[in-house]
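S.K.: Sequence:
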Amino acid sequence: MKPIGILITAMLLTSCQTAAYEGNENSPFYLIPAGSTLTLTRNLTVPANQVAVFLQGGEVVASDRVNQYYPHCKFELRRRLDTAQTVPADNFEITKVVQEIGHSVALDGLQLAGVSVGIGIHVGAKGDGASLQTWSTRLTLRSARQPEVLRLSCGQAALPHEGQHVSINDMRKALGNVFTLDVAKKNK
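Quick note, the sequence shown lines up with residues -20 to -1, 1 to 168 if you use mature numbering (1 follows the signal peptide of the UniProt record, and there is no 0).
Treat the hints with caution; some may be incorrect.
Mimicking SDA-like on lysine to any residue, the simulated pairs with C-alpha atoms at most 20 Å apart in a straight line are [what the hints assert, rightly or not]:
{"#": "1", "residue 1": "Lys153", "residue 2": "Pro127"}
{"#": "2", "residue 1": "Lys165", "residue 2": "Phe34"}
{"#": "3", "residue 1": "Lys165", "residue 2": "Ile148"}
{"#": "4", "residue 1": "Lys153", "residue 2": "Asn29"}
{"#": "5", "residue 1": "Lys165", "residue 2": "Ser7"}
{"#": "6", "residue 1": "Lys76", "residue 2": "Ala164"}
Derived by calculation from the structure, the hints in this document are not laboratory data.
Start from the sequences, fold in the hints, and give me the full structure.
M.R.: Here it is in structure tokens:
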């Protein structure tokens, strides 16, 4: 097969794979399209000296109560104030969606093997352990009435070989009835 034929075949196969995830809200590979809407269904208070509130299992939870190994979301404002900030119920347009993988410090005491495997896993020497990764999806938000609202980030932590991004349905479970997420149809 000529090189151009191989290139065209590869492009066709790649486009088929991407289309397989489109519309599957249980897939960690299906991104929320820009133009979707996040609706805050009730007033939400961000405590003084903080810029965010966390949600998990459908409830607002304190940051030190979040189980990082399960889907959770962080609703963020642009500025930290020394007084509480109340965000009234509103619709927010999702203008940008980015998936990221962040690395954290090593888990001390976790011994896997006497070798080094992949990026972020360093085992063998005493005190070395596997690094956690946080698989996050960041939604940039916009509201003309509330420009101080910045974004919603949802994710979960895992070992590098076990991790995946949260699906849209996992996000909905984390948000519960505090937010609703309406996914826009992609233009083809």
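S.K.: Decide, hint by hint, whether the structure agrees.
M.R.: How the hints compare with the structure:
no.	hint	result
1	Lys153 <-> Pro127	26 Å, violated
2	Lys165 <-> Phe34	28 Å, violated
3	Lys165 <-> Ile148	14 Å, holds
4	Lys153 <-> Asn29	28 Å, violated
5	Lys165 <-> Ser7	16 Å, holds
6	Lys76 <-> Ala164	13 Å, holds
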